[in-house]
Amino acid sequence: MNFQMSDMAYILPETIMAVCAMLLLVADLVIHDKKVTAWLSLAIVGATMAFTMSVPVGTAFSGMVVSDRYATFFKMVFLINAALTILVSGAYFSARKEEHGEYYILMLFATLGMMMMASSGDLMSLYLGLELMALSTYVLAGFLRRDIKSNEASVKYFMLGAFSSAFLLYGISLIYGLTGTTQLAGIAKMLGEGTITGNPVLLAAIVMFVVAFGFKVAAAPFHMWAPDVYEGAPTPVTAFMSVGPKAAGFAVMARVFVAAFASELAGWSALLAMLAVLTMAVGNIMALGQTNIKRMLAYSSIAHAGYALIGVIAGTAQGVAAMMNYMMIYAFMNFGAFAVIILLDRNGTGFDGLDDFRGLSKTRPGIAFIMLLFMFSLAGIPPTAGFIGKFYLFTAAVNSGHVYIVIAAAIFSAISAYFYLRVVRLMYMEAPDSEIMCACEPVRVKIVLAVTAAAVVLIGLFPDALVSLARGSASVFRG
Amino acid sequence: MGITATHMLIPGLPLLAFLINGLFGARVIKEKAHWIATLAVAGSWLLSVLTVMDVLGGKTYYGDVYRFLTSGSLQLAVGFCIDQLTVVMLVVVTTVSTLVHIYSIGYMHGESGYWRFYSYLSLFTFSMLMLVMSNNFLQLYFGWEAVGVCSYLLIGFYYNKESAAIAGKKAFIVNRFGDFGFALGLFLVFINFGSLDYRTVFAALQNWQSPVLHIAGFDIDRITLIALLLFCGAVGKSAQFPLHVWLPDAMEGPTPVSALIHAATMVTAGVFLLARCNPIFNMSHSAMMVVAITGAFTALFAATIALVQTDIKRVIAYSTISQLGYMVLACGVGAYSAGIFHLYTHAFFKALLFLGAGSVIHAVHDQDIRNMGGLYRHMKTTAITFWIASLSISGFPLLAGFFSKDEILWLTYASHGSLGKVLWMVGTLVALLTAFYSFRLIFLTFHGQFRGGHEKEHHLHESPSVMTIPLIILCVGSVAAGWVGLPPALGFENHFAHFLMPVVGHPEAHGSHGEELMVMLLSIAVGLAGIGAAWMLYGKKSDIPDRMAAALNGVPYRWLQNKYYVDEFYDAVIVRPVIWVAKNVLLPVTDGAIIEGIVNGVPKSIGWFGEKLRSLQTGVVHHYATIMATGAFALVVLALALMGGR
Chain A
1 MNFQMSDMAY ILPETIMAVC AMLLLVADLV IHDKKVTAWL SLAIVGATMA
51 FTMSVPVGTA FSGMVVSDRY ATFFKMVFLI NAALTILVSG AYFSARKEEH
101 GEYYILMLFA TLGMMMMASS GDLMSLYLGL ELMALSTYVL AGFLRRDIKS
151 NEASVKYFML GAFSSAFLLY GISLIYGLTG TTQLAGIAKM LGEGTITGNP
201 VLLAAIVMFV VAFGFKVAAA PFHMWAPDVY EGAPTPVTAF MSVGPKAAGF
251 AVMARVFVAA FASELAGWSA LLAMLAVLTM AVGNIMALGQ TNIKRMLAYS
301 SIAHAGYALI GVIAGTAQGV AAMMNYMMIY AFMNFGAFAV IILLDRNGTG
351 FDGLDDFRGL SKTRPGIAFI MLLFMFSLAG IPPTAGFIGK FYLFTAAVNS
401 GHVYIVIAAA IFSAISAYFY LRVVRLMYME APDSEIMCAC EPVRVKIVLA
451 VTAAAVVLIG LFPDALVSLA RGSASVFRG
Chain B
1 MGITATHMLI PGLPLLAFLI NGLFGARVIK EKAHWIATLA VAGSWLLSVL
51 TVMDVLGGKT YYGDVYRFLT SGSLQLAVGF CIDQLTVVML VVVTTVSTLV
101 HIYSIGYMHG ESGYWRFYSY LSLFTFSMLM LVMSNNFLQL YFGWEAVGVC
151 SYLLIGFYYN KESAAIAGKK AFIVNRFGDF GFALGLFLVF INFGSLDYRT
201 VFAALQNWQS PVLHIAGFDI DRITLIALLL FCGAVGKSAQ FPLHVWLPDA
251 MEGPTPVSAL IHAATMVTAG VFLLARCNPI FNMSHSAMMV VAITGAFTAL
301 FAATIALVQT DIKRVIAYST ISQLGYMVLA CGVGAYSAGI FHLYTHAFFK
351 ALLFLGAGSV IHAVHDQDIR NMGGLYRHMK TTAITFWIAS LSISGFPLLA
401 GFFSKDEILW LTYASHGSLG KVLWMVGTLV ALLTAFYSFR LIFLTFHGQF
451 RGGHEKEHHL HESPSVMTIP LIILCVGSVA AGWVGLPPAL GFENHFAHFL
501 MPVVGHPEAH GSHGEELMVM LLSIAVGLAG IGAAWMLYGK KSDIPDRMAA
551 ALNGVPYRWL QNKYYVDEFY DAVIVRPVIW VAKNVLLPVT DGAIIEGIVN
601 GVPKSIGWFG EKLRSLQTGV VHHYATIMAT GAFALVVLAL ALMGGR
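Same order as they appear, the protein sequences are chains A and B. Heads up: the first sequence begins at 1 in our numbering, then just goes up one per residue. Heads up: the second sequence begins at 1 in our numbering, then just goes up one per residue.
For the record, the hints were derived by calculation from the structure and aren't laboratory data. Where hints are given, some of them may not hold.
In silico lysine-lysine, DSBU-like type, Cα no more than 30 Å apart, as pairs [unchecked claim]: (1) Lys446(A) with Lys34(A); (2) Lys612(B) with Lys149(A); (3) Lys161(B) with Lys362(A); (4) Lys35(A) with Lys97(A); (5) Lys583(B) with Lys161(B); (6) Lys583(B) with Lys604(B); (7) Lys32(B) with Lys362(A); (8) Lys189(A) with Lys35(A); (9) Lys189(A) with Lys149(A).
Please build the complete structure, drawing on both the sequences and the hints.
Rendered as structure tokens:
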């Protein structure tokens, strides 16, 4: 592999983020007010965002890195996610006396890993990005060092994550053995010749990828870690994890399956279809019985992975566009719901029972209304963004002939309305138990709420901009 | 040309007023609700007038302003089409609506739910404007259903009065029948033309061979089916036979509502639909025939019932149904511009009649004309305007109703074939009946002796000027509105028909000026004869009506009084069986066994399933790892089983 200086242009955003994050790590030693670290890391995210939007299109480092609109779209999702997380974290951790500078730097590194995943053109760079993301997130999940649940979450996530990495590596080695390359373009070319179609080893390799990516996006039956980790991790980290790694998983899933394994469409899409139905079933049905809001949202995020899988299963550019669209919408609505929980958190004593929402419309009408928006959006009720997301997913699936899976998704959506609207019912139709006191009124969390709520409404009313952006970005996929 | 902010504000202002009154009416605005609503609708009126000027100058506007979803060829969009037909409707809707808003300040004064009344009125005005300004079928349907909802809410405005609540329900349910057909028609339009946009659909009609369908032994070409299904919607909304039964009961609503919704605007939506979809109807001769016959029959049918009704509002309600029949008849013979012309003049004199009736009810606190009489002495403005409106509806020469009704009768006479002649004869007979029942009402209400008792007579008074000024304005309209469409037979040019021609075309008239004059003179003659007969029977003191009622107290009189027993027929054939089925079949079987079984069974089985799943969620890491490994193994087996053999 030859190193050319001109290749650097394609990874300029990642480079900037990596260098700045490391500088911040050093600078943090002398920064006493961790708020400054937070704002500086937010500035780094902003700068990276600016450079991401103007990065040239092309491949670099002998095909290791692919810089295209598809990658850019996902990078924007990751960066938005990171920015929102930074904004909600300060108040949460300072209330628990656990605000440390490393937190923000780990967040940046995790995001860097996701960005590398999104623009990986080679299974090796993909793996590298994935591990950078995963290792940083394991630490983040256990960031409340004195909290036993947080520790448990971290260790669980780490052990199972390592297990799933083994699957991924095994899959990569099988593919390398079959095709002699780890480059996605090369794999697509080899498989396209049709000589190894139906080879059991190829099928086994595909399954390995399904398992590894399924783990990252929390698709059943590889989702078992998610509820425990989401519940145990600090809430801002849960919000971060439920959006970022999931979106990154989908970003590489479409690259590997829809682009590299295009010739094996029938095979992997049948496997993913079973996974999707199982995921929607498990996520929605388990969410019904939850009394802890974080756990309910954990299962809800599993269910949403099931919906987004539908776009990949379609195997078309339209399907991928719908999946991307959904990821962006999901980022806003899911993060928004978590931000509400963070805002209502009573000084570190925890706000996580569903009962805490009782009568919220009386005590905090504004917050209650915003939560209502997120719940409607998650349930897919128009005119919120969630409806738009589902609509395009279902359209793509119907157009590619997967009617049965749309029927299943519609049924599970109906079931999901029960537990989302239960929150609304508690907020609006029940009398408040007690006054919910918020000693701190973190402005930064309110900003996040305003941004996410506005996005949910505006995308719901004016979907065209996002839809055509996703469609244009997905045009790198054929079909 | 494209749509501008001016056009968007026309429906936008009433919507804003609705939101403000709806959100803050109960607590903040209360008795001042009329300010917001009236100013908003007056603003719409002003903008409509400006738009009319524009369109008179030859400009039309067309375009989408907001696109919600695009999926394949399905587009969900909000768009406006501002053409000649639309601006006529804009004028009618905003003028009458503004006057009714002003009138209601006096009429509804002190009612509980005053703000609610005004927010409903604003919502109605918004919906009606969206309906007439739409550039696609979906928005038309949205407006259509929204005005239906407003109608329901306003009929049942006095919701603690049982008859009002029932009437609202009836209006809504009867309209379901028509709207069901309408919706099917829209589906067919979309299936056949791949679009719901007016321009696209009407352009596709140009070179379209309608396939013939075989339905239940009949051959019917698809365009006829589409036209008839769309007409179903019109039959419901415009209260044509056999779905007319809801309109008389709708009189339970406050009288200004009857004037606005159930006389001048909403009920004419069906006629508007026919005119708007004229390219579709023009392609099907048989559908047109059905439309024309339905219209003529309804006109006659309702006019005969109006002869014997004793409730002042019900007489006018049946008169409305009858006049709507005229408009539908006009559309059925291809004379869309005549139909719209009558719609436009009718809006003035019929709104005036209702508001006048409201003024009377306001004074007498009774709706039964047998308890009235001699009101002329006490309320001159109301009486005089009522007189002029009645002359107008009776086709008295030079008044608005004369020109529009005459144009319909002439173009019916001049349409193809002998059917036209038969329909014309029916129409002329209806003109006679119209004059008769209108003046029966006048003589019984305003002349002779007051029959409501001495006590009441002392309290009779003219209504406040906030109510009489709208009457006077409408009265001017009832006189002069027709002068924009003078008949060519008298040497004029029909500006109105000429104006609408780009949208609805103009039918060929088969006949000479001489024949046209003959038709005109005959309609004048029957009108005067009707007035004269009413005077003979009710104007002079006479016992002829009672003796006639006694003599005919068999089939004709009792049948008329009971409105041909249509309600009773529906009750026996539809309502009772449906309720029987609901009670004896649906409740125990479908609801009890099936739905409750599912409703209770599904959560139970989901709960069971969830229980099993939850037992897997142990929290122990190596259990989770085992499940992952099992899943992976299962996937490998599945993959090999499904795909391995290729």
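Here's how the hints hold up against the structure:
Proposed proximity of Lys446(A) and Lys34(A) is supported: the alpha carbons are some 19 Å apart, at most 30 Å. The suggested pairing of Lys612(B) with Lys149(A) holds, with an alpha-carbon distance near 24 Å, which does not exceed 30 Å. Restraint check: the Cα-Cα separation between Lys161(B) and Lys362(A) comes to about 33 Å, which exceeds 30 Å; the hinted pair is violated. The straight-line distance between the Cα atoms of Lys35(A) and Lys97(A) is roughly 13 Å, inside the 30 Å bound, and the hint therefore holds.
Only pairs whose Cα atoms come within 30 Å are accepted, and Lys583(B) paired with Lys161(B) is accepted, the gap being roughly 26 Å. About 27 Å separates the Cα atoms of Lys583(B) and Lys604(B), which keeps this hinted pair within 30 Å; it holds. Of the supplied pair hints, the one linking Lys32(B) and Lys362(A) holds, its CA atoms being roughly 28 Å apart against a limit of 30 Å. At roughly 50 Å between alpha-carbon atoms, Lys189(A) and Lys35(A) are farther apart than 30 Å, so this suggested pair is violated.
Using a Cα cut-off of 30 Å, the hinted pair Lys189(A) and Lys149(A) is violated, with the two alpha carbons roughly 47 Å apart.
In the structure shown, a violation is registered for the earlier hints numbered 3, 8 and 9, in ascending order.
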